[in-house]
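Model the full assembly from the supplied sequences, consistent with the hints where possible.
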Amino acid sequence: MLRLLSSIYKEFLILIRDRAGLAILFIMPLVLILIMTVIQDATFKTVKQVNISMILVNNDKDSLGEAISEGLYASEFFQIVEEIDGEKITKEKAEELVAQGKYKLGIIIPERATEAIRGNVNALINKSFKSFNIPGVKKRTKKSTIDITIYIDPVTSQSFKNMVMSSLKEFTSQLEIEMFFKNFSEAMAQLMPDQKPIKFESFGTINYKEIYASTTNDEILPNSVQHNVPAWTMFAMFFIVLPLAGNIIKERDDGSAFRLKTMPGSFITIMFSKIFVFLGVSFLQFILMLLVGVYIMPLLGLPQLEIGSHKIALGVMALASGLAATGYGVLIGTIATTHEQAATFGAVSIIIFAALGGIWVPAYVMPPALRIISQFSPLHWGLNGFYDIFLRGGDLTVVLSETAKLLTFFIIMLGLAIVYNKLNKTK
Amino acid sequence: MQENHHIIEIKYLTKYYKGLITPAIDNINLNIDQGEIFGLLGPNGAGKTTTISILCGLFGPTSGNVFIDGMQFQHSAEKIKSIIGVVPQEIALYPSLTAKENLRFFGHLYGLKGKHLKTRIDECLELFGLEKNANRRIKTFSGGMKRRINLIAGILHKPKIIYLDEPTVGVDVQSRNVILEHLRDLNKEGTTIIYTSHYMEEAENFCSRVAIIDKGNIITKGKPTELIDSKEEYTDLESIFLNITGRALRDE
Chain D
91 MLRLLSSIYK EFLILIRDRA GLAILFIMPL VLILIMTVIQ DATFKTVKQV NISMILVNND
151 KDSLGEAISE GLYASEFFQI VEEIDGEKIT KEKAEELVAQ GKYKLGIIIP ERATEAIRGN
211 VNALINKSFK SFNIPGVKKR TKKSTIDITI YIDPVTSQSF KNMVMSSLKE FTSQLEIEMF
271 FKNFSEAMAQ LMPDQKPIKF ESFGTINYKE IYASTTNDEI LPNSVQHNVP AWTMFAMFFI
331 VLPLAGNIIK ERDDGSAFRL KTMPGSFITI MFSKIFVFLG VSFLQFILML LVGVYIMPLL
391 GLPQLEIGSH KIALGVMALA SGLAATGYGV LIGTIATTHE QAATFGAVSI IIFAALGGIW
451 VPAYVMPPAL RIISQFSPLH WGLNGFYDIF LRGGDLTVVL SETAKLLTFF IIMLGLAIVY
511 NKLNKTK
Chain A
155 MQENHHIIEI KYLTKYYKGL ITPAIDNINL NIDQGEIFGL LGPNGAGKTT TISILCGLFG
215 PTSGNVFIDG MQFQHSAEKI KSIIGVVPQE IALYPSLTAK ENLRFFGHLY GLKGKHLKTR
275 IDECLELFGL EKNANRRIKT FSGGMKRRIN LIAGILHKPK IIYLDEPTVG VDVQSRNVIL
335 EHLRDLNKEG TTIIYTSHYM EEAENFCSRV AIIDKGNIIT KGKPTELIDS KEEYTDLESI
395 FLNITGRALR DE
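Same order as they appear, the protein sequences are chains D and A.
Residue 453 in our numbering sits at position 363 of the first sequence, and the numbers go up by one each step.
Residue 242 in our numbering sits at position 88 of the second sequence, and the numbers go up by one each step.
In short, the hints are calculated from the structure, not lab data.
Don't take every hint at face value.
As the list claims (entries may be wrong) - Heads up, simulated PhoX-like pairs for lysine-lysine below, C-alpha to C-alpha not over 20 angstroms straight-line: (1) LYS251(D) with LYS192(D); (2) LYS512(D) with LYS172(A); (3) LYS254(A) with LYS233(A); (4) LYS369(A) with LYS351(D); (5) LYS233(A) with LYS351(D); (6) LYS269(A) with LYS312(A); (7) LYS267(A) with LYS340(D); (8) LYS233(A) with LYS314(A); (9) LYS181(D) with LYS192(D); (10) LYS351(D) with LYS314(A); (11) LYS272(D) with LYS289(D); (12) LYS369(A) with LYS172(A); (13) LYS194(D) with LYS259(D).
As the list claims (entries may be wrong) - Which stretches of chain A does chain D cover? Using the computed rule of at least three CB atoms under 8 angstroms from a CB of chain D, they are: (14) 208-214; (15) 226-238; (16) 257-266; (17) 366-372.
The beta-carbon is built from N, C-alpha and C at its ideal position, and this holds for glycine as well.
See below:
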């Protein structure tokens with residue numbers, strides 16, 4: 091016990107005397123979660139708040155052009171630009187400006203677009219009322235097509251592009267329905283003169299009610315902070331691997347490890363002292379990151395982090411995640427022979443674990459094979475556990491499975507380090 | 155007359171490293187008596203470090219046996235480690251800790267504690283002229299001071315056997331004198347010293363017995379004076395060393 095306590099104290103002294111290292115250990119994760127949450131916040135906000143600049147070239151000057159223009163202006167999703175320096179933007183200019191990356195999108199509504207829709211609607215009504223020979227309905231039967239051109243900056247995200255396309259399709263469909271209904275109603279009025287034409291109106295029969303499912307009565311609204319703080323906290327906590335592995339390699343390089351091997355006491359005692367100290371660091375990092383979510387993020391205009399009422403579950407998850415990270419650090423530090431190896435392998439493997447774990451892209455949208463592999467990422471277990479607490483209001487019983495997986499990962503990593511150390515001794 | 159106690163017995167010791175076809179040490183037999191200052195001399199790559207490493211329990215031999223005070227590492231590693239002290243060639247200390255903090259940590263690992271440890275640390279620091287620098291961090295020490303603390307860390311627990319790997323390399327004459335003087339004092343108290351060095355003159359004056367090792371084999375062994383007297387052309391230990399191991403340059 092004396093050996094363990096003395097080793098812990100030694101590790102503690104080494105840690106607190108490395109001021110630059112300490113700053114990196116505590117400041118970098120905070121910077122990381124702040125930046126990532128602010129950036130990711132945009133994807134959680136409505137596009138209204140983002141207000142992206144977009145070019146509109148409306149050559150139609152009729153119902154469709156007006157409907158699209160009004161719709162885009164009314165939505166306030168976008169900052170619509172139709173003129174530059176008092177001059178109307180042409181199709182060619184729009185393409186040039188989007189290609190230069192000055193605008194994300196350019197929508198070109200061609201001339202006589204409305205007329206084309208109107209013609210198609212009439213053609214359909216003609217077909218329906220062919221045998222009635224209604225005098226007011228034009229005898230047009232040819233179907234027309236129109237092309238609304240959309241110039242897209244290649245850096246524009248797919249989801250944003252899809253959102254714009256879906257809005258445009260909604261405007262045109264709405265207009266087609268309204269035109270069809272109006273013309274159909276007029277045709278019917280001619281067949282039945284007693285019947286007045288009916289004005290089109292939307293019934294609003296179907297409403298969408300959004301409820302965030304929860305296993306408890308806690309009402310936690312998902313937002314960028316609730317999603318990002320646990321995700322990036324988990325990611326940052328795993329970066330403890332690098333200083334821990336570096337500490338082990340440094341001890342080996344400066345000869346202290348050689349001396350320790352010739353002294354009474356086991357490899358496990360030495361490693362446990364490091365695990366204890368670095369686990370403490372990772373737990374402190376976790377608390378600081380939560381505090382940033384609760385107190386600092388609201389100052390930056392972000393929602394406040396709701397840590398919920400299951401603080402014991404939160405503490406247990408943080409300790410289990412910290413143990414998994416330190417266990418991994420011990421293994422890398424034991425196997426790697428140089429700082430470069432440990433830093434490169436450690437960092438890249440954490441990024442892979444994070445990617446597989448669903449830190450950037452949720453695991454449920456991954457291809458089936460990756461979805462299976464992601465089940466083996468410790469960051470996936472940690473993230474799931476934190477989501478259970480932060481978003482689903484889960485308690486300790488809910489996160490037991492994730493905790494058990496993280497602890498098993500820690501035991502396996504430590505076991506591999508011990509075996510490797512033993513094999514290396516019999517070289 | 156009482157028979158000398160072999161504190162170290164090396165029997166048919168052979169070590170092959172993985173992937174190498176020639177042994178690092180080849181069938182070595184050697185007994186070292188309690189209270190000796192035994193010099194293990196040889197050119198680079200001769201097998202000195204491998205021998206010392208096995209004697210410290212860093213790794214095992216391919217074949218053969220080592221008995222330390224009658225015990226073997228396979229059965230009594232912890233007991234053996236508590237009676238040996240190792241002073242590696244590298245400064246095996248924590249640079250950001252003070253001299254006292256380093257020594258307290260190593261003392262605790264040897265099972266020393268409380269007042270006894272404190273007294274022992276103060277005693278050693280005073281003995282090596284470092285009492286005024288006890289609370290300075292190692293990284294601020296000169297090379298000679300680091301060497302002395304490196305040595306203290308290995309002798310703090312008053313081991314029965316001390317392994318010294320080039321303990322005076324790179325230090326000034328004053329520090330070297332202090333180190334060797336105190337090692338002699340320790341030896342007078344009954345501590346057995348196993349010592350490696352490239353300084354032949356130092357080995358000749360310091361060691362009670364030496365073995366010259368080359369290519370994994372012990373070429374010759376005996377008291378320095380007896381070895382020098384064994385042939386007329388031998389004038390000192392260095393002349394014997396060069397005669398036996400040759401003048402060709404050696405790589406590690």
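* Between LYS251(D) and LYS192(D), is the straight-line Cα distance small enough, at 20 angstroms or below? -> holds (16 angstroms)
* Asked: Is the hinted pair LYS233(A) and LYS314(A) satisfied, with a Cα-Cα distance of at most 20 angstroms?
  -> holds (12 angstroms)
* Hinted pair LYS181(D) and LYS192(D), Cα distance within 20 angstroms -> holds (15 angstroms)
* Within a Cα-Cα threshold of 20 angstroms, do LYS369(A) and LYS172(A) meet the stated pairing? -> holds (17 angstroms)
* Does the alpha-carbon distance linking LYS351(D) and LYS314(A) stay inside the 20 angstroms limit? -> holds (18 angstroms)
* Taking only the CA atoms, is the gap from LYS272(D) to LYS289(D) under or equal to 20 angstroms? -> Judged against 20 angstroms, a Cα distance of about 7 angstroms means the pair holds.
* To do: With a C-beta cutoff of 8 angstroms, work out whether three or more residues of the region 257-266 of chain A approach chain D closely enough for the coverage to hold.
  => Per the Cβ count (7), the hint holds.
* Starting from LYS369(A), check that the Cα of LYS351(D) is at most 20 angstroms away, please. => violated (26 angstroms)
* Are the Cα positions of LYS194(D) and LYS259(D) separated by 20 angstroms at most? -> With a Cα-Cα distance of about 19 angstroms, the restraint between LYS194(D) and LYS259(D) holds, given a limit of 20 angstroms.
* Are there at least three residues in the region 366-372 of chain A whose beta carbon sits under 8 angstroms from a beta carbon of chain D? -> violated (count 0)
* Holds or violated: LYS233(A) to LYS351(D), with C-alpha atoms at most 20 angstroms apart -> holds (14 angstroms)
* With a cut-off of 20 angstroms on the C-alpha distance, tell me whether LYS254(A) and LYS233(A) pass. => violated (26 angstroms)
Of the numbered hints stated above, those contradicted by the structure are hints 3, 4, 7, 17, listed in ascending order.
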